[in-house]
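Q: Using the sequences and the hints, build the whole thing.
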Amino acid sequence: MAVIEIKNVAKRFGEYQALQDINLTIEDQEFMVLLGASGCGKSTLLRIICGLETATEGEVWIGGKRVDHLPPKDRGISMVFQNYAVFPHLTVFENIAFGLRMKKLPDDEVTRRVERTAGLMHIDQLLQRYSGELSGGQRQRVAVARALAMEPDVILMDEPLSNLDALLRMEMRAELKGVLAESNTTAIYVTHDQVEAMSMADRISVMHKGEIVQAASPIEVYRNPAAEFVAGFIGNPPMNFLPAAPAGSGQWHVAGQVIEGPQVDRALRFAVRPEDVRPAETGLTAVARIVEPLGAHLLVTCDIEGEMFRAVLDSDLAIRSGDKLILAPQPDRVRWFDPETTKAVA
Amino acid sequence: MNARVLPYVLIAPVTLFLCVFFLYPFFLVAQQAFTTGNGFTMDNFREVVSYWKFPISLRNTFLLALAVVPVQLALSLLMATMVNNMKRGRDLVLYVWTIPLGISDLAAGIIWLAIFEQSGFLNSMLYGLGVVDQPASFLSYQNMTVVFIAIMLAEIWRATAIMLVIIVAGIGLIPKEYYEAAEVFGASPWKRFVKITLPLLRPSLQTALILRVVLAFEVFAVVAALGGSIFPVLMEQIYENQFNLQNGGTAAALALIVLAISISFTLVILRALRVPKGATI
Amino acid sequence: MSDAASVSGHSTNKAGRFVYVSGVVLLCAWVLIPLYLLLVNTLSSPEAVNSFPKSFLPGFDLGSLEFFAGFSGMLVALKNSIIVAAITMVLSILIGAPAGYALSRFEFRGKEVFRLLILLTRAFPLPLLALPLAVLFIRTGLDDTAFGLALVHTTLAVPFAVLITFSLFSGIPLELEEAAWTLGCTRLTAFTKVVLPLILPGITASAIFAFVISWNEVFAAAVLTIENRTLTAFLLQTLSESPLHLKFAGGFILVVPALVFIFAVRKYLFAMWGIANR
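Chains as they are written, first to last, in the working numbering: chain A, 45 to 390; chain B, 52 to 332; chain C, 1167 to 1444.
Among these hints, one or two may not hold up.
As the list claims (entries may be wrong) - The list that follows gives simulated cross-link-like pairs (lysine to any residue, SDA-like), each with its CA atoms no further than 25 Å apart: (1) B:K138 to C:K1359; (2) B:K138 to C:A1430; (3) C:K1433 to B:L117; (4) A:K147 to C:E1343; (5) C:K1433 to A:L134; (6) C:K1433 to B:V144; (7) C:K1433 to C:P1264; (8) C:K1277 to A:G58; (9) C:K1180 to B:Y230; (10) C:K1359 to A:G279; (11) B:K138 to C:K1180; (12) C:K1180 to B:G140; (13) B:K138 to C:W1347; (14) C:K1277 to B:Q257; (15) A:K51 to C:W1347; (16) A:K253 to A:G276; (17) C:K1433 to B:L224; (18) A:K387 to A:G279; (19) B:K138 to C:G1182; (20) A:K148 to C:F1436; (21) A:K147 to C:A1430; (22) C:K1180 to B:L143; (23) A:K221 to A:E71; (24) A:K148 to A:T135; (25) B:K104 to B:A125; (26) A:K387 to A:A270; (27) B:K227 to C:F1436; (28) A:K253 to A:E103; (29) A:K387 to A:G83; (30) C:K1433 to B:L145.
Rather than coming from a laboratory, the hints here were simulated on the basis of the structure.
A: Here it is in structure tokens:
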């Protein structure tokens, strides 16, 4: 059992506030992804959980034990590093066995565990090789096998796939998810790649400027972004925003149209995903500027009253730059944000 | 151990060592130079400066540095550029060129003595070619220019390697793309050298020049081997004061003068070759 | 301008190549010929060394070297040189390497001041400091001892040891150490099990560098030793009175280890200076 609790964690580097007031509970055997752009603090948070970095304030609990003053080796964790950190002076076998030997496990147990995890990661043919003789993908597998061999309560991964090429990344993504699901460990996975986050996570914590903006399931994060940042960060292309002025009793003026919305009496921002609009008789009036065929769809970047607006439309539609379009948003997919707080308004 | 304390524990031995064997003796030299028996005095300096050999040794030291360092800088830049473009045999050539790095100034002086002494190889060659009838005495009062040239050659031969190593290492840190970019924009090899290599090499040039200039003012054993007392230099005067004249005060005063010269040149080089903040590779 | 340059660049390609190759050969000869001439002198009989005109081929006579070995005090001086250099080598690595590690791995208050102190020593004519130390050593009984001289030579060598090991440690990704920590290592075991095996060849190279610095040093050695002369101090002292063949044999003995050592560390010379410059 390894529930991870992060309580009021903050981290400053001199003047720079890297993390502020982080509170997060990660359930046993959950796959949690920390997602954000570079510099958002996601790696710092992971390194604080790992013990490679000390928090300026706050507590870290793993499996009901407070660990923030323990060195990494006493936290029941293991980690997969961005550049794999496969020891160049040891064979693959000794790399995987490294942590087990530090624990002084008997030789036959070491061999058994190395062979099992190597088999799991399909590197049983490479056990006598050195890191210099391996490809990037193989090194990645060694790093994961080495972490798994420890049979940790928690496995931490810091952008483990970011150095692989696109095809390999897709392959490893699926494989990693399968292996981790079977291993019954809690996993925390740092990435800046939203596709990776979406496809692997049980829950995603979206981070921005040292704070967790939203922690929820991938679908929830996608459908109901809690803040403008999440809406603009998740989804490719991201959500569209248009200014909205109240027209009274839950009605809103959006680009000359009246749309039903929440019952508040200050200016809001109307938001809808590019794939949630359709050409119709009535709707938002747009002028197509750039048309990019993407195979199954057309990505049309348009202009609505001077605001940029993207729509993903069926590729059968013959749209050309300069065409006038009427786009109707799907009513149940429309979201509203408060421009003051940037938070979602129900 | 605490990560906040550990670095200090690790640097403590060096710091302590340098305080005892670098800062403290430096303080002692100063003290010795400015005292005779009864308090603060400039007598030591007055005595040193008024000694007839002082202007000569000062002039000789400066002339030598002036003749040697620019040649070494040009030569090491040339050599570094040459190996940089080399495809085959780079390692071998670099090894050969860096051999003098390990050779002491005394050995270098002896090596060039083998060439310039009266029964040496230069005389043998000139005699063999029929240029001279009998061996000339190159390293004597009558041939001060030859003495100077011999010392200069020995210094250039010996101490170019250290600059070469620093510069080659520095050039190795400059990404190849810069050259490719410059080539695409139409820069000739010479322009690439002047506009890219030299500016980006400034930190290395700083180190190389400081090291070399300081060593140039410390020139001693090469001169002792080749010129003996006919070509006085500052370090040789210090040695002379300390041992033959048994006067620690004047030796210390001279040492401070050498120090002052070295530090001024270091500051000048640091200033002249400073790298603007943020303009590093 | 650039057109003309590229046109002439093509037509003079062959000539340029010739100039380039002969330049390289000439510069190699410039380094090697004086060494060869020293070798010729060393491997000739004392009579041949003092005769005129001189042969440009060695006589393969060990007379000069035998004379050198038999010369009173020479072998002792050789032994002293080796002892002093060995102590210097050990001291500068023991003292310097931890600081190099600290510089490469930690951000700490006073780091810049410390780096400045190290760099400052390079800008000082260090052998000069042997003068006051001579007095100090007499008081502490370190005068005229190998250990005392080794201390001064360590002052010379230790800044290099710090900067070189700093650059070597910086070449080992911190991630490797962190990985070891997550796999059950303490700072110390991570260092001995991961960093040390990777750094050992480089450490050896910088130790050799320290050895050479001490082996070659003349001034401090001459100032600080009287009875227990090192080879350089001995040769310097006897320079004016010793016969030519003794000088050349001595010079040769000084040069040989240098050749071997530079060969041994050649791979590291450039890496060592790369980061040390910054």
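Q: Taking the hints in turn, state whether each one holds.
A: Against the structure, the hints:
no., hint, in the structure
1, B:K138 to C:K1359, "38 Å, violated"
2, B:K138 to C:A1430, "22 Å, holds"
3, C:K1433 to B:L117, "32 Å, violated"
4, A:K147 to C:E1343, "17 Å, holds"
5, C:K1433 to A:L134, "22 Å, holds"
6, C:K1433 to B:V144, "13 Å, holds"
7, C:K1433 to C:P1264, "23 Å, holds"
8, C:K1277 to A:G58, "15 Å, holds"
9, C:K1180 to B:Y230, "23 Å, holds"
10, C:K1359 to A:G279, "45 Å, violated"
11, B:K138 to C:K1180, "16 Å, holds"
12, C:K1180 to B:G140, "19 Å, holds"
13, B:K138 to C:W1347, "42 Å, violated"
14, C:K1277 to B:Q257, "21 Å, holds"
15, A:K51 to C:W1347, "24 Å, holds"
16, A:K253 to A:G276, "15 Å, holds"
17, C:K1433 to B:L224, "16 Å, holds"
18, A:K387 to A:G279, "18 Å, holds"
19, B:K138 to C:G1182, "16 Å, holds"
20, A:K148 to C:F1436, "41 Å, violated"
21, A:K147 to C:A1430, "39 Å, violated"
22, C:K1180 to B:L143, "23 Å, holds"
23, A:K221 to A:E71, "17 Å, holds"
24, A:K148 to A:T135, "19 Å, holds"
25, B:K104 to B:A125, "32 Å, violated"
26, A:K387 to A:A270, "6 Å, holds"
27, B:K227 to C:F1436, "17 Å, holds"
28, A:K253 to A:E103, "20 Å, holds"
29, A:K387 to A:G83, "22 Å, holds"
30, C:K1433 to B:L145, "10 Å, holds"
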